[in-house]
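Trainee: One-letter residues, chain by chain:
There are 2 protein chains.
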Amino acid sequence: MKGEILATGDEIRSGALIDSNSAYIAERLEREGVEVVRHHCVGDDLGSLTDVFQEIARRADIALVTGGLGPTSDDRTTEAAARAAGVGLVLNADALTAIEMFFERLGRTLPPSNRKQAFFPDGSEILPNPIGTAPGFKIQIETCTFFCLPGVPVEMRKMLASEVIPRLLSLSGGHRQISMVRTLSTFGATESMVGEQLSDIIADFPDIQIGYRAKFPEIQVRLYIRGDDAAEMVNHLDTVAHRVTGRLGDRVFSSDNRSMAATVGDLLADGKATLAVAESCTGGLISHWLTNTAGSSRYFLFSGVTYANAAKMDVLGVSETTLASHGAVSPETVREMAAGARRVAHATYAIATSGIAGPDGGSDEKPVGTVCVGLAGPDGVTSRQFYFPYGNRRAKKKLFAMAALDTLRRHILGMEALDVGMKKITSP
Amino acid sequence: MKGEILATGDEIRSGALIDSNSAYIAERLEREGVEVVRHHCVGDDLGSLTDVFQEIARRADIALVTGGLGPTSDDRTTEAAARAAGVGLVLNADALTAIEMFFERLGRTLPPSNRKQAFFPDGSEILPNPIGTAPGFKIQIETCTFFCLPGVPVEMRKMLASEVIPRLLSLSGGHRQISMVRTLSTFGATESMVGEQLSDIIADFPDIQIGYRAKFPEIQVRLYIRGDDAAEMVNHLDTVAHRVTGRLGDRVFSSDNRSMAATVGDLLADGKATLAVAESCTGGLISHWLTNTAGSSRYFLFSGVTYANAAKMDVLGVSETTLASHGAVSPETVREMAAGARRVAHATYAIATSGIAGPDGGSDEKPVGTVCVGLAGPDGVTSRQFYFPYGNRRAKKKLFAMAALDTLRRHILGMEALDVGMKKITSP
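Chains A and B, in that order, give the protein sequences.
Sequential numbering of the first sequence, starting at 1, is according to the working numbering.
Sequential numbering of the second sequence, starting at 1001, is according to the working numbering.
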C-alpha cells in the first residue's frame, strides 16, 4: 500500500514553522506497513492545494493531509478536497452539534466563523476530534483514500491513532506487511568509512535496506526490514546486526538507539560505579548529556566546569606550576583535573577535558580542535590527546564531549583507546 | 520568481529524521524575493527522484535540492539530476583535487567511494563545499535552475549563503523585491498569550506579516516586510517592533535573535562582571548554553554541577543542616549554593538551581516541575521558586535553565521578577 503525506499552510511553506507532523506520520504509517513514497507541502492557496490533491489521487493508495481545517479564511483544505473530488460542500448536523458543545464546555458561544468547520465534501466520512474544534474527514478521490486531519500536533496525533490507524487494516484488504528498524550507533568513523566497510555485508542481504544517519557526532547505521513474520524478522535483524558489529568493532557503542551518555551511564550503573567530571572546553555539555537520562543521579555525582584557571586550582586542586609550565590544554593539566574531580566527589571514575573549541585561542602547536582528555579511576590516572580539525565551536564541543565519554566507555570495557579518524598524540 | 524545495533521503521520507533544512531554505529564499510555492520529499529511489526533478522543472524558476550527494550507494541525487536533464555524468578534476585535499588535511587517503562525489551531470556548474567532502552543483533542466546541496545542515547553510544567494540576483534579471525579518525573543508567556496581546497592533500594520515561532522555551515574534527600499523598511520595522515591545514589556529579552545565554553574557561583559553557576536539576545546561558563545571566558568563570548532596556540601559549602531540614529543592539550599559558587569562583554574580525535572522524585508539596533559583551578587543573596507543570524531563531542564538566566537578566536590568505563566512562590 503506497502512501503520501501533504502538509498545508503558509507558515510551513514560508519556513516560519518547521513541519514535524510529516515525520511523525511517516514513521507511524511505515510501522503499519504503508510504504510512504512522498511528502509535499503547499501553502493556503486553493489552486495549488487542489492540484496536489489531484496529483496524489493518481499515484497513492492512501494520503494523510494535515492543516487547513481551521475557522479562518486561510483554511482551504476542505474546499480543495471537494474540488479535487468534483463534489460540493454540505453541512453536517452532527459535526455542528459537536462544535457547539465544544464551545459550551468552554462557557463560550459559537463564533460564526467556526460554523465553517461543520461543512464537509459531499460523500466524505467525518473523523471526530476529541480535543479541538476542527473535525477531520476521510474522502475517496479516484483510487486514493485521503485522511484530512488538523495541523495542531497533539490533535493530529490523537486522531491518527484513534481514527486513521484502525481504518488501515480494512483498506489493505486484511493483509499488510510490517516493518522494523535496528539502529547501531557508532563514534570514531566517518559516514563514508562506515559505508565502505559494510558494502559487502549489505550485498549479502538484499532483503535488508541500509541507511546511514549522521546524528552528529554519531554515525548511525540503520537496518530496515519489511515482512509479515515478526519473530523471523527479529532473528534476521539479529544476524545482520551481528555481522555489522563484527565489522565495525568497538566503534559501535549502542545497538538499541541509546546515546553515548546513556550507554556510559548503563555501564556505570551495572558496575555500581560513580562518576565525576571536570570540564573546561566542553563547558558543561558532558554533564548536560549525562543528566538528560532519568536515573542518572545513581552514578553521576559532580561536574566542575572550571572555565577559569583559578577555578581549576581552587576547586580541583590543579597546581599552579602545572598550568604555568604545560598550559591549561595539556595532558598534565587534564590528569590533575580528573584526579581532583574524583577526589572531591569521592567517585569511582572521573573524566576531564581541556581543549580549544575556537574560533580563537589556537596556536601552531595546539591548533583549534585539539582536546586533552584525562581519566582517573581506581587503577590510576591516564590521558589522551585528540585533534578534530572540522566543525564550528558547537560541533567541536560535541566531538570533545563524545571523545571523553568514549574514552571512559572503552576503559571500562577493556578496549583499546580510539585512534581512528583523528590524530592521536600519546602523552609523555 | 517561483521556487520549489526538494529534500531527499529515506531517513526523511520514512520519518526517522525531521526535515529542518526545507524551512530554513524557504525562509532565506523568501527573504530574497523568491516565492516558495512547494516543498517535496522523496527517498533514495532513483525513479522517484528523477520524476520529481522533471515535475519541478516544468513548474518552477529555481529549485533547491538537499541531500543525496554523499559517498554511499544510497546517495542518488546527482544521478537523478543527470537523468532528468538527459545528460551523462562526467568526472570533474578540480572537485576531485578538492576532495583529495580535504582528506589530506585530515591525514588520511581518499577512500574509493568518495571519488563518486567528483562526478557531476555534464554541463552543470560545481558549487564548492568549504567544510565537507560533498560539493554541490547547479544545473538547468528545462526553464528551471536547480541548486543541489548537501543535506548536512551546517554545510547546506554555508553553501546557500556563499553559492546560491549571490546567484539569485542574476537569475531574477536584476530586479527583485527584498524582504526583511525582525525577531523579538520572549520568555514567560505562551504563544497564544503573545498572539492575543498583539492582535490589535498587527491589525494597524497590514504591510507587516507576523509569525510566531516556538523555539522552546522561547517564543519568537517575527515581523516580515517586503519592498524595495531597504532604509524605509528598517524604519518601519523599528516602529512596529517598538509597539510590540511596549506591549510585551520585559518578557522581550532580545530583538536581534540572540539567545538568552548570549543576552545575559552581553550584560555581564558590558558591566565587566563575572558569573559563577551552581547547577543541580539543570545538570550543566546553563554552563553549556553560556559556553556556546565565543568569548564567554571573559565573564563565565565556573559552574559546580552538584548533582549529589555531598558535592553541594563539599564544593559549595552548603550546610548539612540546611539540606536536612529544608531539602535539596528549597530556597534555603539554592541561596547557599549561589553564595558558595560566588565565593569559590570570586565572581560578581552567581546563580543556582535545584528542582525536580522528573519523571520521578516529585511530591505533593514539591511536584515534578518545581525549581528554586538562587541569586548571589554584591547586594546579597535572594531566591525564587517557579513551577512549570508541562513538558518532559529535557523540556523542564530547559525551562529551569531559562528561568535562572532570566532571573539574573532581570536583576541586572533592575526589572521585576518574572511572575507570568507559572506559579510563583515567594520564598519566606
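Treat the hints as calculated values from the structure; they're not laboratory data.
Just so you know, even glycine gets a beta-carbon here, dropped at the ideal spot from N, CA and C.
Any given hint could be a false lead.
[As the list claims (entries may be wrong)] Covered, in the sense of this in silico footprint (three residues per stretch, anywhere, with C-beta under 8 Å from a C-beta of chain A), are these stretches of chain B:
(1) 1194-1205
(2) 1225-1238
(3) 1309-1315
[Claimed, not checked] Derived pair list, reagent style PhoX-like, types lysine-lysine, alpha-carbon separation capped at 25 Å:
(4) 1215/B <-> 158/A
(5) 1158/B <-> 215/A
(6) 1366/B <-> 1398/B
(7) 215/A <-> 2/A
(8) 1116/B <-> 215/A
(9) 1398/B <-> 398/A
(10) 398/A <-> 366/A
(11) 158/A <-> 138/A
(12) 1366/B <-> 215/A
(13) 1398/B <-> 215/A
(14) 1158/B <-> 398/A
(15) 398/A <-> 1215/B
(16) 1158/B <-> 1002/B
Trainee: Determine for every hint whether it applies to the structure shown.
Mentor: How the hints compare with the structure:
no., hint, in the structure
1, 1194-1205, "violated (count 0)"
2, 1225-1238, "violated (count 0)"
3, 1309-1315, "holds (count 4)"
4, 1215/B <-> 158/A, "holds (23 Å)"
5, 1158/B <-> 215/A, "holds (19 Å)"
6, 1366/B <-> 1398/B, "holds (19 Å)"
7, 215/A <-> 2/A, "violated (28 Å)"
8, 1116/B <-> 215/A, "holds (23 Å)"
9, 1398/B <-> 398/A, "holds (18 Å)"
10, 398/A <-> 366/A, "holds (19 Å)"
11, 158/A <-> 138/A, "holds (16 Å)"
12, 1366/B <-> 215/A, "violated (36 Å)"
13, 1398/B <-> 215/A, "holds (21 Å)"
14, 1158/B <-> 398/A, "holds (20 Å)"
15, 398/A <-> 1215/B, "holds (21 Å)"
16, 1158/B <-> 1002/B, "holds (22 Å)"
The earlier numbered hints that this structure contradicts are 1, 2, 7, 12.
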